[in-house]
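Number of protein chains: 2
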Amino acid sequence: MAGGVKRVLAAALESFVAEIFVAAGTPEADAATVAEVLVWANLRGIDSHGVLRVPGYVGRIASGEFNPRPDISVVADLPAATLIDADRAFGPVGMSRGMDIAIAKAREAGVGVCIVRRVTHMAAIGWFALRAVDAGMIGLAFGSSRPNMAYHGARARGVATSPIAIAVPGKRAPVLLDMSTSESSMGRIMLARDSGTPLQPGWALAEDGTPTTDADEARMLTPLGGAKGAGLALMFECLTGVLVGHPLIATAIGPDAETRHSQNGFALAIDIASFAEPERYRRDIAALAGALKSLPVAEGHDAIRLPGERGERTMAERLEAGVPLPAGTWRRLAEIADGFGIAMPPVVEG
Amino acid sequence: MAGGVKRVLAAALESFVAEIFVAAGTPEADAATVAEVLVWANLRGIDSHGVLRVPGYVGRIASGEFNPRPDISVVADLPAATLIDADRAFGPVGMSRGMDIAIAKAREAGVGVCIVRRVTHMAAIGWFALRAVDAGMIGLAFGSSRPNMAYHGARARGVATSPIAIAVPGKRAPVLLDMSTSESSMGRIMLARDSGTPLQPGWALAEDGTPTTDADEARMLTPLGGAKGAGLALMFECLTGVLVGHPLIATAIGPDAETRHSQNGFALAIDIASFAEPERYRRDIAALAGALKSLPVAEGHDAIRLPGERGERTMAERLEAGVPLPAGTWRRLAEIADGFGIAMPPVVEG
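Chains as they are written, first to last, in this note's numbering: chain A, 978 to 1327; chain B, 978 to 1327.
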């Protein structure tokens, strides 16, 4: 296969990844959740947030940044809102717990919120929003983390590329918006670096904060639309980190900067049945999708797509053909697996 | 004063505008609310959403699109979420009712949501988010309306420039993000038209959906960052219009398009005291603001600003010096006032 890419069936990849996290000290159910979210990211084509993260996660368990056996506790519990402390749990573990709480609250109260304090890397945030859709609800999730993006008007990191995901059920597939608050993404920067092509102007800054189109020099992303993306990312920090006494931005700026990995998350579920007949809702979302897809296509585009549509198609393809793993990812996974005495998953013959 | 601009003190302008709406059939309390929101927009420097809208509002009362005496009713009421039908109320009347309900819910349940169906033009959406801050809470508001922005990948209107506002209390002033989901704004297009300068590439499309930098040809705005802004605007329609049986996009596309003005709104309040000590929260927001403002300033910028900071400064200036009204706005207000036999407000001597 091209460039040494190996393909592995999703189920086999998931078992393999779960086995690694169990070997690293994670309870089986939690290891399965982390594996499911990472492989889901690969299936949707978001490879930068998929199993290539496994070695980093294992390293952060060793360094104490990620806690494989967290004591997740309820800090505040209101009729429609809960604050939990995730005790440095894996993002997928802490955030799925958070969304489950939000869903349960929404079933009683119409809407439910759970703020998840001191969680770690969330992998693909869209997965948590879809968890609400699986429960017949609308899901919304966002997060905050240490600054890795320039603040608007500054030539230094001031906010994070904090993502937001919103998912609603449709007639066949859900509509899933899953976006960062940055103009571009580190994935695209890395791709440009690997292919030797210049970046689009406005995507990135060098370490000294000056704009650059040289992928090798790029060190910081820029906020989506300048003030707007920076503002959204800042408000996500205000709605999570600052609100729950675990600020991640103010503490990371200045001489005594705290830079250890940490995140906070926000999960919101809206119970559709409280407002509408659910079947009618799914039909109306399908009608909206149909209306948009029937608009005239702009030059330079091959089709009009709903949020998440591309991911759905990639997932269908990869479920059938297996998840492609580049040679570097395969090699790094093999090193980790070797250390734990775990066999690599079977490769799909091409 | 330059270009025939007249300055009017905010209080006098507010009384004048309220008087006009009373004369047009609006109950006094509601007229005062509409006047307050419109003048607030002027005070903050958002003149495109201020009192220049008065003649249009009066015209839409006459056409039946705006209802000055709405029968606002509760359609669904859950412990933390309410759906109200605004019966074509003025946006400020329907949305302030909605935010008040969200605030009351949040006081009991930690968070509260109110979806406002069949409301009309909201003027400045930030005002509703600040209403929650006045109650010691975090406020979030967004809306959906008829498509006036190209959908990503389409060369036709498919979504609205739907705004979102998020406000949190700070030590002195609140932090208020108030942004549209479009790359630019109609205000900036109009400014370019008036000053004869070209638009930035990517801001607008002509009526046939092709990109243009000619302000006179510009008919549609483009979504912020392409897919991201279009996706956010689409999700706002899914979370309001479609959810409450009053879709505004699907019904506006196609041969039998419904184009009468209408909007839906979403108001969310988060009770800070449920999660944190309110005074500590305001202090931490101030610390975050301080940390960001101490970052090195990028070339081409004179300062690092928090969302809403510019508006706060403009408000302080205009509260002192009066709200500037261009000659055209003054003339159109005078025509309306004359029709109702109402005297124009006193002008500040310069």
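One or more of the hints may lead you astray.
The calculated label-pair distances, taken between Cβ atoms and stated as ranges, are [to be verified]:
| no. | chain 1 | residue 1 | chain 2 | residue 2 | range |
| --- | --- | --- | --- | --- | --- |
| 1 | A | 1280 | B | 1004 | 47 to 53 Å |
| 2 | B | 1149 | A | 1177 | 35 to 41 Å |
| 3 | A | 1005 | B | 1084 | 17 to 23 Å |
| 4 | A | 1250 | B | 1234 | 27 to 33 Å |
| 5 | A | 1040 | B | 1178 | 42 to 48 Å |
| 6 | A | 1190 | B | 1051 | 38 to 44 Å |
| 7 | B | 1084 | A | 1234 | 33 to 39 Å |
| 8 | B | 1203 | A | 981 | 17 to 23 Å |
| 9 | B | 982 | A | 1173 | 39 to 45 Å |
| 10 | A | 1173 | B | 1183 | 15 to 21 Å |
| 11 | B | 1084 | A | 1287 | 39 to 45 Å |
| 12 | A | 1006 | B | 1255 | 47 to 53 Å |
| 13 | A | 1234 | B | 1203 | 16 to 22 Å |
| 14 | B | 1255 | A | 1185 | 54 to 60 Å |
Going by beta-carbon spacing under 7 Å, a handful of chain B positions derived as facing chain A [what the hints assert, rightly or not]:
| no. | residue |
| --- | --- |
| 15 | 1088 |
| 16 | 1133 |
| 17 | 1156 |
| 18 | 1163 |
| 19 | 1220 |
| 20 | 1224 |
| 21 | 1262 |
| 22 | 1269 |
The hints are simulated quantities; they were obtained by calculation from the structure and are not laboratory data. Note that the Cβ used here is the ideal one computed from N, Cα and C, for glycine as well.
Here's how the hints hold up against the structure:
Roughly 50 Å separates the CB atoms of residue 1280 (chain A) and residue 1004 (chain B), a value that falls within the hinted 47 to 53 Å. In this structure the hint that residue 1149 (chain B) and residue 1177 (chain A) lie 35 to 41 Å apart at CB holds, the actual value being about 39 Å. At about 42 Å, the beta-carbon gap between residue 1005 (chain A) and residue 1084 (chain B) misses the expected band of 17 to 23 Å. Checked against the given bound of 27 to 33 Å, the beta carbons of residue 1250 (chain A) and residue 1234 (chain B), roughly 30 Å apart, stay inside it.
Checking the proposed 42 to 48 Å range against residue 1040 (chain A) and residue 1178 (chain B) shows it holds: the Cβ atoms sit about 46 Å from each other. Separated by about 55 Å at the C-beta atoms, residue 1190 (chain A) and residue 1051 (chain B) break the suggested range of 38 to 44 Å. Range check, residue 1084 (chain B) to residue 1234 (chain A): Cβ separation about 37 Å, and the 33 to 39 Å hint holds. The hinted range of 17 to 23 Å is not satisfied by residue 1203 (chain B) and residue 981 (chain A), whose Cβ atoms lie roughly 33 Å apart.
Checked against the given bound of 39 to 45 Å, the beta carbons of residue 982 (chain B) and residue 1173 (chain A), roughly 55 Å apart, lie outside it. As the Cβ distance of residue 1173 (chain A) to residue 1183 (chain B) is approximately 37 Å, the hint placing it in 15 to 21 Å is violated. In this structure, residue 1084 (chain B) and residue 1287 (chain A) meet the distance hint of 39 to 45 Å, their C-beta atoms being roughly 42 Å apart. Residue 1006 (chain A) and residue 1255 (chain B) have their C-beta atoms about 38 Å apart, which leaves the hinted 47 to 53 Å range violated.
Roughly 34 Å separates the CB atoms of residue 1234 (chain A) and residue 1203 (chain B), a value that falls outside the hinted 16 to 22 Å. A beta carbon spacing of about 40 Å between residue 1255 (chain B) and residue 1185 (chain A) contradicts the range 54 to 60 Å that was offered as a hint. This hint holds: residue 1088 (chain B) has a C-beta 5 Å from the nearest C-beta of chain A, less than the 7 Å allowed. Taking 7 Å as the C-beta contact cut-off toward chain A, the hint placing residue 1133 (chain B) at the interface holds, the least distance being around 5 Å.
Below 7 Å, beta-carbon pairs count as interface contacts, and residue 1156 (chain B) has one with chain A at about 5 Å; its hint therefore holds. Proximity of residue 1163 (chain B) to chain A is violated relative to the hint, the smallest CB-CB distance being about 16 Å (cut-off 7 Å). Checking residue 1220 (chain B) against chain A: minimum C-beta separation of about 5 Å stays under 7 Å; hint holds. Interface restraint check for residue 1224 (chain B): the shortest CB-CB distance to chain A comes to about 6 Å, inside 7 Å, so the restraint holds.
Hint status for residue 1262 (chain B): holds, given a least beta-carbon distance of 6 Å to chain A, under 7 Å. Checking residue 1269 (chain B) against chain A: minimum C-beta separation of about 5 Å stays under 7 Å; hint holds.
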